[in-house]
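> Heads up: the protein sequence lines correspond to chains A and B, in order.
Under the numbering used here, think of the first position of the first sequence as 1101, with each following residue one higher.
Under the numbering used here, think of the first position of the second sequence as 1101, with each following residue one higher.
Think of the hints as simulated: they come from the structure by calculation, not from any bench.
Any given hint could be a false lead.
Pairs count within a copy or across copies, as identical chains cannot be separated in the list.
Said to hold, decoys possible - Below, in silico cross-link-like pairs of lysine to any residue (SDA-like), each with a Cα-Cα straight-line distance of 20 Å or less:
(1) LYS1251 x ALA1303
(2) LYS1272 x ASN1315
(3) LYS1106 x ALA1157
(4) LYS1259 x PHE1319
(5) LYS1234 x LYS1259
2 protein chains.
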Amino acid sequence: MDFQVKFKVNEKIYLRDPEISEVGKQMVKIAIDLIYELGFEHFTFKKLAAEINSTEATIYRYFENKHRLLLYILNWYWCYMEFLVIFKLQNVADKKEKLRIIIQLLTHELPESSGQLDYNKKYLNQIVITESSKVYLVKDVTEINKNKVFKPYKDLCAKIAESISAYNPGYKFPRSLSTTLIETSHDQQYFSINLPRLTDAPAKNNSEFTSNFLNDLLFKVLG
Amino acid sequence: MDFQVKFKVNEKIYLRDPEISEVGKQMVKIAIDLIYELGFEHFTFKKLAAEINSTEATIYRYFENKHRLLLYILNWYWCYMEFLVIFKLQNVADKKEKLRIIIQLLTHELPESSGQLDYNKKYLNQIVITESSKVYLVKDVTEINKNKVFKPYKDLCAKIAESISAYNPGYKFPRSLSTTLIETSHDQQYFSINLPRLTDAPAKNNSEFTSNFLNDLLFKVLG
DNA sequence: TCTTTTATAATAGTATTACTATCATAAAGA
DNA sequence: TCTTTATGATAGTAATACTATTATAAAAGA
C-alpha cells in the first residue's frame, strides 16, 4: 500500500498555491534546505531564487515575504504532526500509552513519508526547533492571527489537550500543558545541542533525553 | 536606606561600556522603550540614534550590532533576576516557600529599583517575554557562546536548579526543569495575551494564571 | 487551429538596513 | 598647555526587501 497525505494549508498564507506548480514545489523544498543551512535571519528570497534557478519576482508571486514562507512550512508541519498523532493513536486504548506516543512524536524526527513531497525531515525538524517561535513572536501577531494562520498549531494543541483530559479529567490546564510539552521539547533539544548547561542532557541522544524528561514531567503532573 | 545594585555585564558584549557615559546610558534606556514599541525586527540603530539625538556611528562605537545590544539588556535582566532570587530567598528556611518565591519572581514584573538606572520595568518584562529567545536562536550561537555571554542565564538556571535539588534531592532533571519554568513563564504569558487558545488562561491576569499553572506543575513534578 | 490568458524569466529600480570610513570639534586627562 | 579621546556630522557601500515593466513560452479556451 502506498498512499499520500495532503494538507490544504490556509489560503491566506500564500498568494499563489506552491503545490500546483513545479517551481512552487521546488521553492518550498529548497527553502527548507536553505533555512536549515543559513538560519532564518540570513535566508533571503534572492538566495532561494538563485538556488532554484528562478527569480525573486517569481517567489514574490507565491509568498508575500519570507515570514509567510516560514509560516507555510510550519503550517505544513503542524498539520502533519496532528495527522500523525491521530494516526498513531488509532486503536490504542490505553490512555497512558496514548500520551507516551504523543511525547515520542514530539521529541523525534518525523518519519519519512512515502509521498512525493520529499521535504528533508531532518532539516524540517531543526527548523521547527530553531525557527518556529519566530513566526509568532512578532509585533503584528494579532493582525496575522486574524487570518487563522495559527489554526493548525491550535488544533494540534487541542488534540494533545484532549488526550491529557482523557487521562486526567480533573486536570485544570490541559492546553497550557500541551503547549508546554511542545515548546519544551524544542527548547530542551536546542539547549542540549547548543547551550548544554541549560539542561541535564548528555550531548548525545537529545531526543531520547527530552522524551524521558517530558514523560517524567507529564505523568507526575497528571498523576 | 537607599542603595543601588550594579552588575558588571560581560565585557565581550559591548565595544565600549555604556554605563560610563551619558549617551551610553540613554542609549540602553531608550533602546528598551524602542524595542518594546517596535519589536526587535523593526528596531534599528538609526531610529535609536534619532531618538537620543545622536548618530548611528556613536551607537556602533558602543555595540557591534543590535543583537549585541539586546544581549546586553538581557544580561542585565538575568543578572538582576538572579540577584532578586538570592535576595528574596534570604532567611527563608522553608524549601517549598523558596520555590514559590522563585515562581512569583519569574511570572511577575520586576520591582522598581530605587537606583538611577530607571529602565522601564514593564517594557523590560515584555522584551524578556517576546524577544529573549531571539538572542540564542541564531545560527552563530556556538560562536557567540564562546564569549560567555550566556553565563548570567546559566547562573540563573543553576541557582533555581539548586532550590529544586534542595527540595527534592532525588529529582533527576533540575536544570531542565529550571529552564522549563523560565521559558514556560514567557510562553504562557505571551500566549495568554496574543494567542489565547494555546493556553487555559483568562485574558486578564496572565501573570497570576502563569504563576498558578507553574506552581501546580512544579510541586506535582517534585512531589 | 487560432486566440487569449497566464506564468515565468529577465531586468531595472527604490527605500531601507546594516554597516564602515573620514574628519572636525569639544571635552577630559596628563 | 598639550594630547588623547569621544562625539557629531557627513558620506558612502553592499545587501535586503521589496515593486514594476516587458518579452516570451506554455497552457487553456473558442
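> Quick one: which hint numbers does this structure break? Sort them smallest to largest.
Checked against the structure, the hints that fail are numbers 3, 5, while the rest are satisfied.
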